[in-house]
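Start from chain A and add chain B according to the hints.
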Amino acid sequence: MRHAAVRWATALLASSWVVSLVVAATGAGATTTGSGAHPPVLKAGAFDPPRQAPEFDLRGSNGGELNISQYRGKVVLLAFGFTSCTAVCPTTLNTFAVARRKLAAAAADVQVVYITVDPERDDVARLKKYLGSFDPTFVGGTGTEQQLAAVRKDYGVSAQKQVLGDSYTYAHSSFTYLIDRNGRIRALMPYGHSPDDYVHDVTLLLKE
Amino acid sequence: MTRGRSLVGLVLAAVVLLTCAVAGFTPIHSASQDRIFTIPKGTWARRMSGDKVDILPDHIRLTLGVQDILVLRNQDEVPQIFGPTLMMPGQSFRLPFDRAAEYTFACTAHASGQMTIVVESNPSTAWARIRWRLLELLSTFR
Chain A
0 MRHAAVRWAT
10 ALLASSWVVS
20 LVVAATGAGA
30 TTTGSGAHPP
40 VLKAGAFDPP
50 RQAPEFDLRG
60 SNGGELNISQ
70 YRGKVVLLAF
80 GFTSCTAVCP
90 TTLNTFAVAR
100 RKLAAAAADV
110 QVVYITVDPE
120 RDDVARLKKY
130 LGSFDPTFVG
140 GTGTEQQLAA
150 VRKDYGVSAQ
160 KQVLGDSYTY
170 AHSSFTYLID
180 RNGRIRALMP
190 YGHSPDDYVH
200 DVTLLLKE
Chain B
0 MTRGRSLVGL
10 VLAAVVLLTC
20 AVAGFTPIHS
30 ASQDRIFTIP
40 KGTWARRMSG
50 DKVDILPDHI
60 RLTLGVQDIL
70 VLRNQDEVPQ
80 IFGPTLMMPG
90 QSFRLPFDRA
100 AEYTFACTAH
110 ASGQMTIVVE
120 SNPSTAWARI
130 RWRLLELLST
140 FR
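Heads up: the sequence lines are chains A and B, in that order. Residues in the first sequence are numbered consecutively from 0, following numbering that gives the first Met the number 0. Residues in the second sequence are numbered consecutively from 0, following numbering that gives the first Met the number 0.
Some hints could be false.
Stated by the list, open to error - Here are the simulated lysine-lysine pairs, DSS-like style, with alpha carbons at most 25 Å apart:
hint	chain 1	residue 1	chain 2	residue 2
1	A	K127	A	K101
2	A	K128	B	K40
3	A	K206	B	K40
4	A	K101	A	K128
5	A	K101	A	K73
Please keep in mind that the hints were generated in silico from the structure rather than gathered at the bench.
Chain A with its partners taken away, still in its complex shape:
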């Protein structure tokens, strides 16, 4: 009788030990629900330390040269795409347009720059017409295939041409760079975020 009691006690102790181990190993070892030492401030993915946005020299849909440095003092939303894109680009550009409207007067310090990955079809006139349908302040950039490939490489953007019968499309990176007033790449907003998320992040960057 005494032996049985000892065995039961040992077994129960062992059980509690196993249970504690399993539960502690899977999410009950700490009681903090916060985000640790670095609480997320921006909704977008933030770079630390931020790097200077690589310079480029393209033809702008506003009729002049397009450089990233010409927008120092503004927060820039930089995206890559092509005007024949039916999925990602219209959604992203519409999101920018809505965000700018929500920003009201502060939108004067926000510049959307959209660089094409399809120089064959996207000339200056086409970019201007396309972007104007979302917001007349948006500026597009185009150049030679080599120039645009160099810009994509500098920013880590991918674009693969895919032939579809007698036409073609592009699979391209769908995120947006958030560049602060000092021309530094501060964050990367993945595709699908709401205008409110952009308003949130842009407002924070404008306040700096």
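Relative to the frame of chain A, chain B by itself:
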């Protein structure tokens, strides 16, 4: 002998039941919400010498409120495409998620050319917590 076996059976059943009960009813917390992946120094050199170096899995599982921030760090000496972005040496990238969904990013670091991040909602029921803990346990053995 039979009595001994019965005892073992009872103990095992008790362990399983106790584990399920505790795993199901203990809230899931985490000391840090960061899920960190690092490119160590020398990775580029190893790749150049022909080593196959896998740092970032092509599927990453995150859980809202528990571990919902993806942190990528490039500690190598050259810029690297890491997940969705180009990262300079010494740079880190911190991407929070606040919606449960499956996110796909183009990623040249993977043979498939893309990386998928599955963000799950916070397990709110006992069964969901048991499932979550089971998956966590299994992932530690992978």
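* Okay, which hints does this one fail, numbers in order? -> 2 and 3
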